[in-house]
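Undergrad: Sequence:
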Amino acid sequence: MEEDILLLTHKLLKELQVRLVRDGTTCLGLCHQGFKRHYIEDAGILKNSTIVNIMLPLVHSLTNHNVALLTEAWPFLESLQLKTEKRGTANFTAFMKVATGLPRLKKLGPSIRANDSLPNRHQVPILSRPLLEFDAMTSTIDDPSKLTFLLDRLFPNLLTSEEDSTTLLHAALTCRSFYEPALDKLWWHIDAIGNLLRLISAFTRAPDENDSFIYYLSGPIKSSDWDVIDKYAKRVRSLYFTESEGVDASVYLHLMRSRPNVRLFPYLQDLCANLESGTALMLIHTSSLRRIHLGLQKFPNDRCLPAIWNFVDELPESAPQSERFDLGIFFIRLPDHTHHSLRRCQNLRILQVFYEPYGLDAASPTDPSALGVLSELEQLNRLHFSLGSATSPVVHKHPPSRAFNFLSLTRLAISAVWSQVVPLMAAASFGKLASLVIKVGEPYPWETSPDPPLEHWGTDAWTSFVEVVRNNINHAIEEITVRTDTRVREVPEQVGVRLPNLGDLSFLSDLTKIHIACPFFRTLSNEDITCLAEACPHLQHLHLQTQVLGSVDFRALMIIAEALPDLRSLGLSIHAETIPQHSKIPVKSHRLEKFDPLMSSIKHPADFAHSFDRIFPHIQDVLNWHLTGREKNLWLQVESLLRKFQVARQDEVLRVQKGNPNENQTAMAVGE
Numbered sequence: 152m153e154e155d156i157l158l159l160t161h162k163l164l165k166e167l168q169v170r171l172v173r174d175g176t177t178c179l180g181l182c183h184q185g186f187k188r189h190y191i192e193d194a195g196i197l198k199n200s201t202i203v204n205i206m207l208p209l210v211h212s213l214t215n216h217n218v219a220l221l222t223e224a225w226p227f228l229e230s231l232q233l234k235t236e237k238r239g240t241a242n243f244t245a246f247m248k249v250a251t252g253l254p255r256l257k258k259l260g261p262s263i264r265a266n267d268s269l270p271n272r273h274q275v276p277i278l279s280r281p282l283l284e285f286d287a288m289t290s291t292i293d294d295p296s297k298l299t300f301l302l303d304r305l306f307p308n309l310l311t312s313e314e315d316s317t318t319l320l321h322a323a324l325t326c327r328s329f330y331e332p333a334l335d336k337l338w339w340h341i342d343a344i345g346n347l348l349r350l351i352s353a354f355t356r357a358p359d360e361n362d363s364f365i366y367y368l369s370g371p372i373k374s375s376d377w378d379v380i381d382k383y384a385k386r387v388r389s390l391y392f393t394e395s396e397g398v399d400a401s402v403y404l405h406l407m408r409s410r411p412n413v414r415l416f417p418y419l420q421d422l423c424a425n426l427e428s429g430t431a432l433m434l435i436h437t438s439s440l441r442r443i444h445l446g447l448q449k450f451p452n453d454r455c456l457p458a459i460w461n462f463v464d465e466l467p468e469s470a471p472q473s474e475r476f477d478l479g480i481f482f483i484r485l486p487d488h489t490h491h492s493l494r495r496c497q498n499l500r501i502l503q504v505f506y507e508p509y510g511l512d513a514a515s516p517t518d519p520s521a522l523g524v525l526s527e528l529e530q531l532n533r534l535h536f537s538l539g540s541a542t543s544p545v546v547h548k549h550p551p552s553r554a555f556n557f558l559s560l561t562r563l564a565i566s567a568v569w570s571q572v573v574p575l576m577a578a579a580s581f582g583k584l585a586s587l588v589i590k591v592g593e594p595y596p597w598e599t600s601p602d603p604p605l606e607h608w609g610t611d612a613w614t615s616f617v618e619v620v621r622n623n624i625n626h627a628i629e630e631i632t633v634r635t636d637t638r639v640r641e642v643p644e645q646v647g648v649r650l651p652n653l654g655d656l657s658f659l660s661d662l663t664k665i666h667i668a669c670p671f672f673r674t675l676s677n678e679d680i681t682c683l684a685e686a687c688p689h690l691q692h693l694h695l696q697t698q699v700l701g702s703v704d705f706r707a708l709m710i711i712a713e714a715l716p717d718l719r720s721l722g723l724s725i726h727a728e729t730i731p732q733h734s735k736i737p738v739k740s741h742r743l744e745k746f747d748p749l750m751s752s753i754k755h756p757a758d759f760a761h762s763f764d765r766i767f768p769h770i771q772d773v774l775n776w777h778l779t780g781r782e783k784n785l786w787l788q789v790e791s792l793l794r795k796f797q798v799a800r801q802d803e804v805l806r807v808q809k810g811n812p813n814e815n816q817t818a819m820a821v822g823e
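Each residue of the sequence shown is one higher than the one before, counting from 152 in the working numbering.
Some clues are possibly wrong.
[Stated by the list, open to error] Using 25 Å as the maximum straight-line C-alpha spacing, the simulated BS3-like pairs for lysine-lysine come out as follows:
#1 Lys664 <-> Lys745
#2 Lys745 <-> Lys735
#3 Lys234 <-> Lys258
#4 Lys234 <-> Lys248
#5 Lys735 <-> Lys783
#6 Lys664 <-> Lys739
#7 Lys336 <-> Lys237
#8 Lys248 <-> Lys258
#9 Lys237 <-> Lys258
#10 Lys809 <-> Lys745
#11 Lys248 <-> Lys297
#12 Lys258 <-> Lys297
#13 Lys373 <-> Lys385
#14 Lys745 <-> Lys795
#15 Lys745 <-> Lys783
#16 Lys297 <-> Lys336
#17 Lys795 <-> Lys783
[To be verified] Pairwise CB distance ranges (calculated):
#18 Trp776 <-> Ser375: 51 to 61 Å
#19 Glu685 <-> Asp772: 20 to 30 Å
#20 Arg562 <-> Ser374: 45 to 55 Å
#21 His626 <-> His405: 54 to 64 Å
#22 Lys745 <-> Asp661: 15 to 25 Å
#23 Ser740 <-> Arg634: 25 to 35 Å
#24 Arg781 <-> Thr729: 15 to 25 Å
#25 Leu774 <-> Gly654: 21 to 31 Å
#26 His491 <-> Ser559: 13 to 23 Å
#27 Ala357 <-> Arg562: 40 to 50 Å
#28 Gln530 <-> Ser676: 24 to 34 Å
#29 Ser409 <-> His340: 24 to 34 Å
#30 His405 <-> Pro254: 41 to 51 Å
For the record, the hints were derived by calculation from the structure and aren't laboratory data. Each residue gets a CB set at the ideal place from its N, CA and C atoms; glycine is no exception.
With the sequences and hints as input, model every part of the structure.
TA: If you want it as structure tokens, here you go:
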């Protein structure tokens with residue numbers, strides 16, 4: 152029968168589909184004495200085939216060599232499914248041979264040992280083949296995350312298809328031939344709770360009143376269903392949960408009421424949930440939770456917020472080992488009792504609370520004690536805190552004398568308007584802070600008068616900021632970022648008034664990053680850059696925004712190249728048309744990689760690029776995404792010229808290495 156199947160084609164068959172199922176009494180894989188077995192080499196007679204689907208074990212097993220022969224025998228294949236009698240030694244190398252030998256293949260189904268000798272990333276080429284579907288069959292797997300990453304380099308469409316059933320992961324989730332350790336790996340993370348609920352026999356999909364499909368329960372959950380659910384749910388350690396994934400809320404309620412004292416995911420550690428009603432929160436609540444991210448998909452209904460508050464209030468008792476909690480409720484302020492509940496989560500190391508002042512009472516005061524409550528978390532080392540109402544005054548219930556002490560906090564991010572930032576920070580001390588990020592917002596129109604005053608920056612804002620850093624923050628801090636998207640009123644230059652001075656940061660000599668994207672400074676000069684370089688000699692990232700273009704010119708870049716040898720990223724507005732003579736620009740090999748010209752003025756990109764390349768030859772990016780029109784085109788020319796200079800140097804190095812330097816080499820023309 153094997154000879155008949157193969158010889159029937161005579162190289163004319165364009166499509167071969169053999170679907171034969173062995174009955175329970177016959178095993179066609181066993182051959183009697185003298186029976187001639189056909190091997191992969193015999194497949195050459197099917198050279199013109201585009202679809203080969205053989206569900207009969209004509210071949211005993213597959214090796215990498217067999218797969219290579221298949222790609223030579225069937226070069227035009229678009230679909231290949233080949234069942235073997237036993238799992239062979241073919242491993243990830245087989246995927247690479249398929250990717251290189253079958254460029255048209257869209258569907259693949261052999262048995263692969265995907266747990267055997269997975270290569271490193273650099274050993275897998277980026278080929279981007281059109282494969283859409285992989286049938287795991289009896290394949291084995293140990294490290295699904297690494298396998299997924301490697302397959303994405305060969306077959307990117309395999310892992311991004313809209314149909315879940317066509318992805319390797321979801322195919323593997325329903326494959327029953329995996330052993331227990333493999334199932335543990337596969338079910339470690341699931342992208343949707345529906346993948347588990349589909350194991351319930353009564354879980355049914357039907358159209359709703361909006362002609363959208365929704366899942367519901369068409370009957371009771373049987374004990375056999377619970378056995379299957381428990382078999383897989385106990386393996387889940389990470390869950391991405393979205394209430395809008397098409398499951399009716401009644402399903403969650405039924406699951407909770409059926410077994411009120413049994414958690415659906417008893418060993419869940421990582422939870423990322425986007426909520427609509429909060430109905431399922433208690434269903435996925437478990438004592439093993441370590442990292443939690445809760446967010447709202449839309450404006451909360453009457454049931455959602457009480458469910459979230461209840462979840463947080465019970466967190467200290469129900470999940471005492473929680474280490475990270477992110478709460479993104481962009482529509483309402485966190486109630487005081489919830490702050491006190493978080494205070495009892497003594498194992499919290501990372502806390503991020505994001506919310507905005509939509510619909511809040513602008514007259515309600517902001518009390519720093521809300522932040523101070525969190526200072527009792529002794530292990531907290533990372534905090535992102537957003538204030539409630541942008542126009543609320545700061546009212547101190549405690550004397551503003553550093554009443555709160557964050558002992559372990561190393562990273563602090565605050566989102567608020569400037570009038571709230573300094574009083575809030577002045578109410579606490581941060582003895583170990585290594586990174587400070589302040590995002591300054593602006594009052595929303597409906598919270599202020601019809602004609603609100605624009606935010607006022609300048610000397611007062613800078614002085615108050617430096618003072619609170621000096622008095623309340625660790626002087627060994629490494630990173631400071633202050634940025635804003637607010638509208639800014641240009642402050643006219645005032646005679647006799649002390650201007651903000653970058654030298655005021657001299658007490659922060661360990662700084663490696665200064666990112667000021669708010670107009671503390673009206674202008675800057677070369678002397679300001681010199682003062683900063685002397686005050687903070689270890690800077691690796693420097694970004695300085697001003698209200699208007701000052702007197703900083705190309706000489707500031709020469710100062711930076713000399714005084715800041717560790718700098719890798721620079722954002723600075725300069726007069727790029729004011730360039731010294733080339734003979735006065737020293738040739739440096741500074742390792743600066745990124746340059747943001749901000750509001751820099753430029754007229755001759757070739758002159759600037761040639762001079763810039765003398766001191767920063769390793770530049771990788773000239774950021775121009777925020778520029779438009781003529782300025783953008785000029786800086787694109789600068790970036791293009793810098794690339795040409797680098798390529799020319801690389802070519803020269805290769806010529807020297809080959810022992811054939813160009814003796815008549817001339818200097819590169821500026822206008823090249």
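Undergrad: So if I understand the rule, the pair passes when the alpha-carbon distance is 25 Å or less; does Lys336 with Lys237 pass?
TA: Satisfied, since the Cα-Cα distance of roughly 23 Å is no more than 25 Å.
Undergrad: For the pair supplied as a hint, Lys809 and Lys745, confirm whether the alpha-carbon distance does not exceed 25 Å.
TA: 32 Å, violated
Undergrad: For the range 51 to 61 Å, tell me whether the beta carbons of Trp776 and Ser375 fit it or not.
TA: 57 Å, holds
Undergrad: Is it true that the CA of Lys795 sits at most 25 Å from the CA of Lys783?
TA: Since the Cα atoms of Lys795 and Lys783 sit roughly 19 Å apart, the hinted pair holds (cutoff 25 Å).
Undergrad: The hint says 24 to 34 Å between Ser409 and His340; measuring C-beta to C-beta, is that right?
TA: 25 Å, holds
Undergrad: With respect to the beta-carbon atoms only, verify the hint that Ala357 and Arg562 lie 40 to 50 Å apart.
TA: 48 Å, holds
Undergrad: Within 25 to 35 Å: is that where the Cβ-Cβ distance between Ser740 and Arg634 falls?
TA: Distance hint for Ser740, Arg634 holds at roughly 32 Å.
Undergrad: Do the alpha carbons of Lys234 and Lys248 lie within 25 Å of each other, as the hint requires?
TA: 18 Å, holds
Undergrad: Take a quick look at whether Lys373 and Lys385 sit within 25 Å of each other, Cα to Cα.
TA: 18 Å, holds
Undergrad: Holds or violated: Lys664 and Lys739, Cα atoms, limit 25 Å.
TA: Answer holds: Lys664 to Lys739 is near 22 Å, not above 25 Å.
Undergrad: Assuming the hint says 41 to 51 Å, is it satisfied by the Cβ distance from His405 to Pro254 or not?
TA: 49 Å Cβ-Cβ, so the 41 to 51 Å window holds.
Undergrad: Holds or violated: are the alpha carbons of Lys297 and Lys336 at most 25 Å from each other?
TA: Between Lys297 and Lys336 the Cα gap is close to 11 Å, so the pair holds against 25 Å.
Hint violations for this structure: numbers 5, 10 and 28, all remaining hints satisfied.
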